[in-house]
Amino acid sequence: MNQNVIVPVARATHPGPGNDPVSLRSRISGDHLAAAVPASSAGSRFLGQARDIVAVVWRELRLLVLIGSVSLGLAVLLRYGLGIPIPLDRITVPSRMERALRYAMLLGPFVIAIGIARYRWTLRRPDGGPVRGLAGWLQAFASVRLEALASRAVLAGATLVLLAVLLSIFALWKASIPLLSPWHWDVTFMNLDRWLHGGVLPQDLTRRWFGTSATVFLDQMYFTWFRLLALFAVWQSFRPPSPSRIRTLLSLALAYALLGNLGAVLLSSGGPVYFERLVGMPSPYADHAAYLAAIPDLHATQIQGRILEWLENDRYVPFGTMSAMPSMHVAVATVMALACGERNRWLGLVGWIHLLLILVGSVHLNWHYAVDGYAAILGTWLIWRLSGRVVRATRKRLP
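Heads up, the numbering used here is the position in the sequence shown plus 1, with the first residue counted as 1.
Because the hints were derived from the structure by calculation, they are not lab data. Beta carbons: idealized from backbone N, C-alpha and C, even for Gly. Among the hints, erroneous ones may be present.
Distance ranges between label pairs, derived from CB positions [stated by the list, open to error]:
id	residue 1	residue 2	range
1	51	311	36 to 46 Å
2	89	343	35 to 45 Å
3	114	343	22 to 32 Å
4	103	344	22 to 32 Å
5	197	353	17 to 27 Å
Can you build the whole structure from these sequences, using the hints too?
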């Protein structure tokens, strides 16, 4: 035996679907060694690989396709069956997903480089020692197969495109809240906030706790949420096929569909910043609004003003409408925290700290009632548990 042959450390596999060392799932994950390819024509081999790629993409994304189909189908039914003017003709890709697509193009090569680096550190000599120097990197690059890269790229691209479509549909429902259930829960949630916090509005408490610098910091964190959502979508899209990946994407989609759409329609409210305009009575949040208005260049106050302009001018902007209950900023941050915690304990800690900042910021910046965030956390946790059960049940029936 040639003692200079370098071999990688391979993971143990068990018989069964998806565990064959040369299955597409293994190839996409990069946890296999290239097996000998039977003699066949290049065209037949290409068609076989394409069928395998399509099968895995469908297996990973079929639950999201189902959610999107049901959501869009209901919108079409309301528009053309019941005559409710759902703005189907205005559907467009939300800016948060446009940002995610840009990030994917920028970060795609970086993700591939990380995969090569991880593979390189698994290489071992026959005696078990590490492969050092340039030889290890050359072997790692040589092991990368165009088929594996193409498979990962197709899965990531399909995931991002599907997420863009889903968020476009969810934004359509968000814009339909004034048509389906105009805001009428604000007084109830304001009173509930007072009752839960000892007879004091949470905004009055946070105004005592946080000065101008802390307010600006919370505003920046709240605004950065859009970029973090885009990066989170890219991260999940480039992950190899796994139950964890499906669960996370399913939880994100269900959070938007069940909480951000259905919940927002059933519990329609505009939020503290729009209280006086919606309720027609003096706002108990007027002092807090004046406090925020006195701080220059806050993203929150600027965007809150733009939303009013968009609504008054009948301008459609994805997710650019009044909707407080439940808080989707908090719901999405909860999905992020749960997904990060599943991946790594310390990453999870960062995710929960981020969630806490978003929850506090949603109240302090006058976007939400505190109960909006509490309901979002509870609802998202239940969705996470449900998604886990659904994924386990569907994978047991995989061919």
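These are the hints, each one checked on the structure:
1. 51 - 311: 36 to 46 Å: holds (44 Å)
2. 89 - 343: 35 to 45 Å: holds (36 Å)
3. 114 - 343: 22 to 32 Å: With Cβ atoms ~24 Å apart, the hint holds.
4. 103 - 344: 22 to 32 Å: holds (24 Å)
5. 197 - 353: 17 to 27 Å: Taking Cβ atoms as reference, residue 197 and residue 353 lie about 21 Å apart, which means the hint holds.
Violated hints for the displayed structure: none, as all numbered hints are satisfied.
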